[in-house]
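Undergrad: Here is how the chains run, residue by residue.
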Amino acid sequence: MKCPVCGVDNLEGSAYCDDCGSKLPAAGAAPPPQSQAVAPPPVAVTPTPLVGGKLTCPACSFENNLGEAFCSDCGASLTGAPPAPVSVPSVQQPPPSTPGVPGRPVAKLIEKKTQREFPLTADVMIAGRQSPADNIFPDLDLTEVDTDSYVSRRHLQIIRQGDQYLVEDLGSSNGTFLNEGPRLNPGIQQSLNNGDRIQLGQTEFVFVIS
Amino acid sequence: MTPGSEVNLKSTLSYSYIQVTSEDKLVYLLVDVLPVAQSSLGHVPLNLSLVLDKSGSMYAQEKLEYVKKAVIYVIDQLRSDDISSIVAFADRARVVVPSQQIFDKGGVKNTVQRIDNVSVGGGTHMFKGIVAACDEVMKNYSPNRKNHVILLSDGLTVAESKCLKKCREEATKGISFSTLGVGNDFNQKLMMDIADTTGGKSYYIDVPSDIPNIFAQELKGVQSVVVQNPTLHLKLSRNVQVKRAYKVKPLISDLGNPLISNQVYSVKLSDLQKDEPQSILYELVLPSRQAGSYRIAQASLEYDVIIKGEKGKQTTQDIVIAYTSDYSLTGMVDSYVMNLVDLVSVFRQQTRALELAQIGEHAKATQLLKTAATTLLDRGQKDLATTFLEEAKNIEQGVNTSVAGTKKLEYGTRKLTQMLDDAFLPPI
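Residue numbers (this note's numbering), protein chains in the order written: chain B, 1 to 210; chain Y, 211 to 638.
Simulated from the structure, these hints should not be mistaken for lab results.
Some clues are possibly wrong.
Unchecked claim - Okay, derived cross-link-like pairs now, DSS-like style, lysine-lysine, Cα gap no bigger than 30 angstroms in a straight line:
hint, chain 1, residue 1, chain 2, residue 2
1, B, Lys-2, Y, Lys-580
2, Y, Lys-375, Y, Lys-220
3, Y, Lys-478, B, Lys-54
4, B, Lys-2, Y, Lys-574
5, Y, Lys-220, Y, Lys-376
6, Y, Lys-399, Y, Lys-459
7, Y, Lys-453, B, Lys-2
8, B, Lys-113, Y, Lys-220
9, B, Lys-54, Y, Lys-445
10, Y, Lys-220, Y, Lys-453
11, Y, Lys-220, Y, Lys-278
12, Y, Lys-603, B, Lys-2
Claimed, not checked - Covered stretches of chain B (chain Y as the covering partner; in silico rule of three or more C-beta atoms under 8 angstroms from a C-beta of chain Y):
hint, stretch
13, 68-74
14, 113-126
Ideal Cβ placement from N, Cα and C applies to all residues, glycine included.
Same shape as in the complex, but just chain Y (with noise of 0.2 angstroms):
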């Protein structure tokens, strides 16, 4: 860590020591990237587009009403120097309010309580909201700035790929993309795939009443950028292989199969956020090798601090491990990672068990949510269990997989890191 740098890195291995045999061994490695709380940092001005779905049913339940106040909200919040602008979208999409710096606060409410006569049609089509959000952004677009979109739907889209598409070639010129599902009728694999891959957040609202807290909290995150295009780096040593890797912090996804080259294992992290920690789990495939400590990798993070006009730092930390005959030495496991290891098992257990149901493999599936659901218990989250063994049931008895219990689901999962923070729930 360099001294008066922005952002700490920290890793933990599960085994600090690793007995020596003549076999490969598997240590799981977790690298915290932690941002460190600096007032004077000041804060990154925001280039923001919010994308809003006013087909048919959003009129249903009030919806289009909690979006409205959100909104108003977020246009309260906004600072002097911030850009926003705001694209209603059905069948077609229109801008509501362009790209601009909001000093009239009070005409903008006036135009976001009137978004009902704003003519776009009934159905859904997404693409054409992001196509308009993207050109608005890209009217002002700065590096200097956070440039991001906000996009809510509560429904299925047409041309699904091609939003995804878009999205992650507009992430690449460095725009984020954060999505808000409402209900249960949004396709939460696209909504949860273009936020992870865009450097922005999925959220599931399950009740239109929570619309702008969820406005709130995604705001507030946005605002508090302090470090900006981060990616961390593990550079293996010789022989030493990633075997998988995943997010697990602030939420779990996989990270499938990211760049490797010259045994650097790289990873696009998103936009650090005051107070919000990001966390990678890898699995790391160690050879056998004799007693000693060895340096089995280098995780280095390399970021811009935009507001300081600094770009390309980074900070480095060796990950070495000791190989001992000890056995006393060799029991000692972290138990901390292990936590994660086992939440990132229930995580891939739900994963793989629905793509399983996907494709007929029932009993599989099955006894993948059960085991799973076990080690839920075990950790006190009895509700996600419940709802793991309902969609179990469901699977057996050949019943579709019900739409609202799967984003429960799903969305459920990939927050489980989170209780280790608040409360660390042990086995009962």
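Isolated chain B, as found in the complex (with noise of 0.2 angstroms):
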């Protein structure tokens, strides 16, 4: 992963630039390009082997001993436990679509873990956390999906411009991304396409226009 800041290379799931010390992008939210080419067959669960009163692990051969749940060399599982869930990457489905002005396409925001919906109703939209202390209650309010509170109270806007959507952070704590791509320059206007993926600070939507 590099860091959007200085270029430095950083192991993925790194969350901040070994160098320069910035902030990097969560890793592990959002799928590479060729997700599905990559994604390796299930491990055949084999029984596992019993030598003379020894644990084989199936992984590497190492020899463990009986009682044993985890090779004591690589760690795989010796139980026979079925791997962790193993699925496929979803594609991106487009949602059932909401009733909208007819003739006009519908956006939104889809929030990945809960799948919740934001409708993009009015051709400005400003997307942050609720904070009524201070008089604040965005168009759409992320209060719920960001548990973490992660997201500023005014992250970022959504502009709608004829048939065209337009993305720009508002100055927010800890960013927005578009797609992976390096942290977005606060008041800088990107234009955005179906199925592109935002990410506010930890919690990510796909936009999907229909």
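Both chains are given apart, each in its own frame, so use the hints to dock them into the complex.
TA: Written out as structure tokens, the structure reads:
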């Protein structure tokens, strides 16, 4: 993973750049472009062979003492338990369309984890966290889907210009990232296409236009 | 966890699921060592020595008067089976109260009141004080006691490296050292290193009137030791590596390169005090693997419970991660661990910035401090962020980093993780 600020290569999963200390975009949240091609076949669960009172690891052939749940050498499971859920990454299905103005495309943001939909009903919509104390009630209130409060109160806005949608970061604390790219510069508008992934802090949305 | 044990181990990964790809991955592993509250456990008797700076500067701002108050408080709080001694130093060291069980508390308090009359010169020769204190502790040394030295100084000592070396040597025999630095003139790196490497604590006292409080805090801690000589071993599965490791609680410190042999990464912790968990944050590099669950490491804590006469007790826990291709799973992060990662990154940037500033890399040092300040502001740590920015400005303008600023910066940063317990402050 290249640091968007200084370009230094960091291990995938790093939260901060090793060199310049900048926060790196969250890892593992978005599929790489050729995701389906790289999905490996599920590991066949072979019964663990018993050799002379030893448990032979199916992955590395290391002989473990009886009773071990994991290989003492490579850490693979010895209990024959099925591997962790392996599922082919789901293709982002176009969600069921919501009724809108006839003849006018309906755009919305869909939160990835909860699949909650946020229709874009006005020409300019601000997304953020609600703060009644400060009298901030964003058009797209993300308070409920952003359980860790990484989204700023006024995080970004989505602007409609004819058939074109634009996204603009409003100087958020944790940044906005489009399709795993570098952090968007605040105040600069970027055009959105169907299926684009927009990340706000730790929360990810898919932009869908139908 | 073994039922009825004195300690629980809790391990949490930043990501419980990681993506199956061909690349190495980094995950953060937090291991919390949690003392079990056991009122029935009794207490570990102390073998304590107080080492007090009596150099000329201690007479300024009534520092010595506050020290006297603090020491008298300590004497009042000692239990009948505790052993203690008091050493004063300046150019020379003098044993003011020899190692003993104090029966006549009034008499000893009078001696402390008259400490001004103890003639030891006016300089700061902490090494001599340390040697005298260790001699006193060794007179009544016992593995069944908490053998501990509390070191107070307000100045730069001569022979710094000798001080650290001596303390480390004594630590191998089982003596721990806590250090109390008063004012702006002591060497915080030396004081922190002594405490960090011997299992003690380091305190920064910026106003002398805080001296009694800090003594009380430190004494309360050593009096509530429940588990001694804890060592945390992390046995890594093949091809798993530790990239870096930090102690994150109670204070943040870099563990450097601890002993690693046979894929076991061992960290010596300080004696566990009641109600004070200790936590380690590891950065682990994981190899690429096929989908499935794997044990990436085993954490085990080895420790003694002296009051029960139990040695070499152990509690072990498997750390298991799942490799998967399901993006809805790999997108999940543990927010508590990631909060600690944020704070450690601030610590790391601050440490590196000060190092870079020393070798003249001003631009990079400034940039690191500014980046860290942003994270601090997000966390609502306005005061510390301001200190960071002031230091960045000093470095940028080529001004020497201010002594007081640097101390506030370093001690403040180390304490950052404590706020996670008080009130978690989400980014604004």
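Undergrad: With reference to the structure, classify each hint as holding or not holding.
TA: Taking the hints in turn, this is what the structure says about them:
{"no.": "1", "hint": "B:Lys-2 - Y:Lys-580", "verdict": "holds, 21 angstroms"}
{"no.": "2", "hint": "Y:Lys-375 - Y:Lys-220", "verdict": "violated, 34 angstroms"}
{"no.": "3", "hint": "Y:Lys-478 - B:Lys-54", "verdict": "violated, 34 angstroms"}
{"no.": "4", "hint": "B:Lys-2 - Y:Lys-574", "verdict": "holds, 19 angstroms"}
{"no.": "5", "hint": "Y:Lys-220 - Y:Lys-376", "verdict": "violated, 35 angstroms"}
{"no.": "6", "hint": "Y:Lys-399 - Y:Lys-459", "verdict": "holds, 19 angstroms"}
{"no.": "7", "hint": "Y:Lys-453 - B:Lys-2", "verdict": "holds, 18 angstroms"}
{"no.": "8", "hint": "B:Lys-113 - Y:Lys-220", "verdict": "holds, 27 angstroms"}
{"no.": "9", "hint": "B:Lys-54 - Y:Lys-445", "verdict": "holds, 21 angstroms"}
{"no.": "10", "hint": "Y:Lys-220 - Y:Lys-453", "verdict": "holds, 21 angstroms"}
{"no.": "11", "hint": "Y:Lys-220 - Y:Lys-278", "verdict": "violated, 42 angstroms"}
{"no.": "12", "hint": "Y:Lys-603 - B:Lys-2", "verdict": "holds, 29 angstroms"}
{"no.": "13", "hint": "68-74", "verdict": "holds (count 5)"}
{"no.": "14", "hint": "113-126", "verdict": "violated (count 1)"}
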